Amino acid sequence: MGSNIPRFWRNLKSRYNLIGTKCANCKEIHFPPRHFCPKCRRLSKLEDFKLEGRGKIETYTVIHTPMDGFEGQIPYVLAIVKMPEGPRLTTQIVDCEIEEVKIGMKVKSVFRKIQEDGEAGLIHYGYKFKPA
Amino acid sequence: MKVAIIGVGLTKFGELWDSSFSQIFVEAGINALKDANIEGKDLEAIFVGNMSGGRFVDQEHVSGLIADHAGLNPLPSTRIEAACASGGLALRQGIMSILSGFHDVVVAGGVEKMTDVLTGQTTHTLATAADSEWETFLGTTFPGLYAMMARKHMEEFGTTREQMAMVAVKNHANARHNPYAQYPFEITVDDVLNSPMVADPLRLLDCSPITDGAACVILASEKRAKEFTDSPVYITGSGQASGTISLHSRKRLSVVDSTINASREAYKRAGLGPKDIQVAEVHDAFTIGEILGIEGLGFVEIGAGGKATEDGITQIGGKIPVNTSGGLKAKGHPVGATGVAQAVEITLQLRGEAKGRQTDADIGLTHNVGGSGGTAVVHTYEKG
Ligand SMILES: [Zn+2]
Numbered sequence: 001m002g003s004n005i006p007r008f009w010r011n012l013k014s015r016y017n018l019i020g021t022k023c024a025n026c027k028e029i030h031f032p033p034r035h036f037c038p039k040c041r042r043l044s045k046l047e048d049f050k051l052e053g054r055g056k057i058e059t060y061t062v063i064h065t066p067m068d069g070f071e072g073q074i075p076y077v078l079a080i081v082k083m084p085e086g087p088r089l090t091t092q093i094v095d096c097e098i099e100e101v102k103i104g105m106k107v108k109s110v111f112r113k114i115q116e117d118g119e120a121g122l123i124h125y126g127y128k129f130k131p132a
Numbered sequence: 001m002k003v004a005i006i007g008v009g010l011t012k013f014g015e016l017w018d019s020s021f022s023q024i025f026v027e028a029g030i031n032a033l034k035d036a037n038i039e040g041k042d043l044e045a046i047f048v049g050n051m052s053g054g055r056f057v058d059q060e061h062v063s064g065l066i067a068d069h070a071g072l073n074p075l076p077s078t079r080i081e082a083a084c085a086s087g088g089l090a091l092r093q094g095i096m097s098i099l100s101g102f103h104d105v106v107v108a109g110g111v112e113k114m115t116d117v118l119t120g121q122t123t124h125t126l127a128t129a130a131d132s133e134w135e136t137f138l139g140t141t142f143p144g145l146y147a148m149m150a151r152k153h154m155e156e157f158g159t160t161r162e163q164m165a166m167v168a169v170k171n172h173a174n175a176r177h178n179p180y181a182q183y184p185f186e187i188t189v190d191d192v193l194n195s196p197m198v199a200d201p202l203r204l205l206d207c208s209p210i211t212d213g214a215a216c217v218i219l220a221s222e223k224r225a226k227e228f229t230d231s232p233v234y235i236t237g238s239g240q241a242s243g244t245i246s247l248h249s250r251k252r253l254s255v256v257d258s259t260i261n262a263s264r265e266a267y268k269r270a271g272l273g274p275k276d277i278q279v280a281e282v283h284d285a286f287t288i289g290e291i292l293g294i295e296g297l298g299f300v301e302i303g304a305g306g307k308a309t310e311d312g313i314t315q316i317g318g319k320i321p322v323n324t325s326g327g328l329k330a331k332g333h334p335v336g337a338t339g340v341a342q343a344v345e346i347t348l349q350l351r352g353e354a355k356g357r358q359t360d361a362d363i364g365l366t367h368n369v370g371g372s373g374g375t376a377v378v379h380t381y382e383k384g
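Top line first, the protein sequences correspond to chains A and B.
Each residue of the first sequence is one higher than the one before, counting from 1 in this note's numbering.
Each residue of the second sequence is one higher than the one before, counting from 1 in this note's numbering.
Treat the hints with care, as some may be off.
Claimed, not checked - Label pairs and their calculated CB-CB ranges:
(1) A:Tyr-125 with B:Leu-118: 49 to 55 Å
(2) A:Glu-99 with B:Trp-17: 40 to 46 Å
(3) B:Thr-160 with A:Arg-34: 36 to 42 Å
(4) A:Asn-25 with B:Glu-15: 52 to 58 Å
(5) A:Lys-27 with B:Arg-224: 31 to 37 Å
(6) B:Lys-251 with A:Ile-5: 32 to 38 Å
Because the hints were derived from the structure by calculation, they are not lab data.
All figures in this text were calculated on a predicted structure; none of them were measured in a lab.
Built from N, CA and C at the ideal position, the CB exists for glycine as well.
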């Protein structure tokens, strides 16, 4: 489905530079960024927080049946990475053989093309992770 | 709490290429009215679960469409959406409308028509049950999320690939006795392990199919139920809980908290515990889902679901038969209809009308999950 540009640029800061949020009240760090701290609720005081882009694979899968927009990438590794700052994120794992990927593997972020939106001609970029 | 189910109706589940979206809902509704031996004019409201009429058949305003095509104007009609838990939530809304005293007789149904679009779009639409910006955007598919839970469960608890396959084997065997099932045939563990990879470690035969179908139940207040039937099945507990929409935000990746929380509420309202349940329909959109489900519902300890499946406790004749209908896996999974179809199966079981798949049960349970666990809804049922 065709999408308008603002849908994507409002997230660019986080997708390009791994900017999450930190709650000044409880010190918890969030990624993806939040606009409200679930712990402190009305007392939340959120500020931008840049994650270092390092972490460990907590679980992963290899996608063989893709959805629209990802046909050219299969098979690809998708993982949940736990970062030392606290939060986890979902990301593709690249620059290695699929067989090398293991739970517990150390990874670091890289900047890559995520997908192409055929109808709108948009090319989306963002974070992927590779072995550290 | 006590709300009666006085009638149930289904369509055949499968690729219903000759039928339209509204047609299948109406067919299930008429079957439920016939079963209840009442007329449309006895109804006071319509609740319909539907995940994505918009993406699957270019149709929003599903509630309006259905009331019109069922010839039920001017009854109030309401659509409820919570991805694959839409049906379970529609049932709960119907129940609440009766318990509030607002209505005495309502229809709660669910419908999905998934085969009108191509597979890539179906996969994309199902993935919209996840967080669109932080999961789906990055290439996450819905089987991919359950695959990541499966791998974590295998690592943490030693659950095996074969144990997951046994869920599919059992549910296919049960479906042989269900005339409404999409895949009423037997498969083997080897068939599962040799089927095409979808999202490692989950293969095609670990996944529920793409299905068209609808299901309806007629609900009545305890007071009015006796006018219509001598042997109603009562819904005695209802629980619903939310969990984080993203899998990566969960406390644990191998446990579905929303299932635990929803079942606690349902058990509490019913005055029952997991040991009292004698038959259950559990949300097996993927084989690992049934294992996570029986753990979260408290039928077995957390982590013990794979072993319990291998030991046969969830088979017909086992301690707690699960998915006698064939489950989402073999009966089919028209996402918006599933939660209601589960209630239909438990009603048939408690009435003793489940034929070749009949169990000896007076108390049953249904468990319906939206997304990877962002929503869970649980109901308990007792023979009247
Ligand atoms: Zn806080």
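Original post:
Taking each numbered hint in turn, which are not upheld by the structure, reported in ascending numerical order?
Top reply: Hints 1, 5 are the ones this structure does not satisfy, whereas the remaining hints hold.
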